[in-house]
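Starting from the given sequences, assemble the full structure and let the hints guide the process.
This is what each chain is made of:
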Amino acid sequence: MAGHNHDHSHDHDHEHGSELSETQLRVRALETVLTEKGYIDPTALDAIIEAYETKIGPRNGSVVVARAWTDPAFKKALLEDASKAVASMGHMSRVGDHLVAVENTPQRHNMIVCTLCSCYPWEVLGLPPVWYKSAPYRSRAVKDPRGVLSDFGIALPKGTEVRVWDSTAETRFIVLPMRPAGTEGWSEEKLADLVTRDSMIGTGLALNSGEVR
Amino acid sequence: MDGVHDMGGMDGFGKVEVETNEPPFHAPWEGRVLAMQRAMGYAGAWHIDHSRFAQEMLPPVTYLGASYYQRWALAMEKNVIARGFATPEELKAGHARSPGKSLPRKLTPDIVGAGLSRSSFYRQQQGPQRFQPGDRVRTKNIHPATHTRLPRYARDKVGVVEMCHGCHMYPDSVAADRGDNPQWLYTVVFTSRELWGPDTDPTIKISIDAFEPYLDPA
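As you go down the protein sequences, you meet chains A and B in turn. 197 is the number of the first residue of the first sequence in the working numbering; add one for each residue after it. 479 is the number of the first residue of the second sequence in the working numbering; add one for each residue after it.
Check each hint, because a few of them may be wrong.
Claimed, not checked - List time: in silico DSSO-like cross-link candidates among lysine-lysine, alpha-carbon distance up to 30 Å:
1. A:Lys251 to B:Lys618
2. A:Lys329 to B:Lys493
3. B:Lys570 to A:Lys233
4. B:Lys635 to A:Lys354
5. A:Lys329 to B:Lys618
6. B:Lys556 to A:Lys233
7. B:Lys579 to A:Lys233
8. B:Lys556 to A:Lys329
9. A:Lys280 to B:Lys556
10. A:Lys233 to B:Lys584
11. A:Lys354 to B:Lys493
Said to hold, decoys possible - Derived list of chain A stretches under chain B, where covered just means 3 residues or more per stretch with a C-beta under 8 Å from a C-beta of chain B:
12. 237 to 248
13. 357 to 370
Since the hints were derived computationally from the structure, they do not count as laboratory data. Cβ atoms here follow ideal geometry from the backbone N, Cα and C, with glycine treated the same way.
Written out as structure tokens, the structure reads:
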């Protein structure tokens with residue numbers, strides 16, 4: 197996937213210098229007050245952060261996609277009720293009741309956005325990347341999705357329908373990307389390596405068989 | 479409200495810039511903000527729609543200039559103060575000066591999984607489902623000054639109901655502290671030409687999830 201390499205300092209110019217320390221101080225003050233008031237337990241915060249840093253990431257979604265590629269009954273169940281199908285795999289934190297899987301085909305490419313805030317299927321994809329929450333993506337995805345895809349180095353055939361899902365309620369969407377050619381007989385684990393985060397948002401495609409690490 | 483958060487279709491923000499190998503958090507305070515939000519949500523201090531509305535009410539310049547987790551922190555401060563969980567003086571001093579209000583529950587490390595699980599937004603239906611998949615609907619031309627989840631670009635437009643997701647708590651009501659007021663929720667799909675005019679790429683379709691009060695038959 198083509199992308200732009202940006203280091204953190206460039207992306208967060210506004211957090212430099214005194215403003216950064218002001219944010220740090222304000223967040224620390226907020227945590228101290230909420231803790232002293234008895235509302236929160238800092239060790240629970242540690243555990244939440246650790247979970248997002250180590251357990252809750254796009255690998256969860258990749259495994260779901262790989263299963264759908266290899267097990268037609270699971271794929272059918274996933275497209276009918278993704279919450280139930282994912283819960284049946286039992287390996288990740290509860291996804292809630294409102295997950296919908298949408299399937300890419302040669303005729304239709306799906307793309308997920310939240311124009312109003314940052315709604316994203318966290319349980320299966322982890323924390324949303326900064327670009328997903330950014331004004332350029334949120335503003336353009338619903339009006340010029342092919343232009344957005346070209347920012348990601350993706351050019352779809354002209355006739356392919358592009359379907360954009362704006363997550364304006366509590367429903368969460370995950371894209372089921374197309375299985376790459378030349379992967380017949382691959383194990384679920386090997387297939388999961390082809391399923392990138394962006395391919396499940398719809399701003400990318402699954403890796404080709406030759407691209408697997 | 480018609481704020482800058484409602485960005486769908488706006489021009490001028492530039493290209494989407496992707497950071498390769500992006501870490502979960504860019505600074506430790508970002509993780510603290512996220513985790514505090516989860517913990518306060520679990521405790522029942524406020525609802526996610528209150529957090530969204532508090533962000534939307536930030537001055538536009540602040541909203542656009544702040545990073546994502548800075549916005550969350552600012553919104554959290556607003557809710558903490560507005561809902562009486564602490565005073566501005568306490569936040570300024572960085573210490574509590576009086577005991578906290580009582581909350582329904584508290585997130586502790588042994589049950590942290592519960593704080594990470596998404597709750598159900600389903601609610602008991604209050605009336606019959608008005609629309610079925612395949613029905614043509616027109617979104618209302620509404621501009622409430624309060625929180626709504628009907629984006630501006632999809633107001634007063636004709637679309638087709640594609641799915642019904644059952645009855646959900648209604649954000650417009652929740653954010654205004656008027657209770658769950660459950661409503662039927664539908665995926666409604668529009669053609670690009672309906673939303674963006676005759677010159678747009680006709681291969682594009684856009685859907686929103688719309689609560690029943692946003693819709694009229696078309």
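Hints not upheld, ascending by number: 1, 9
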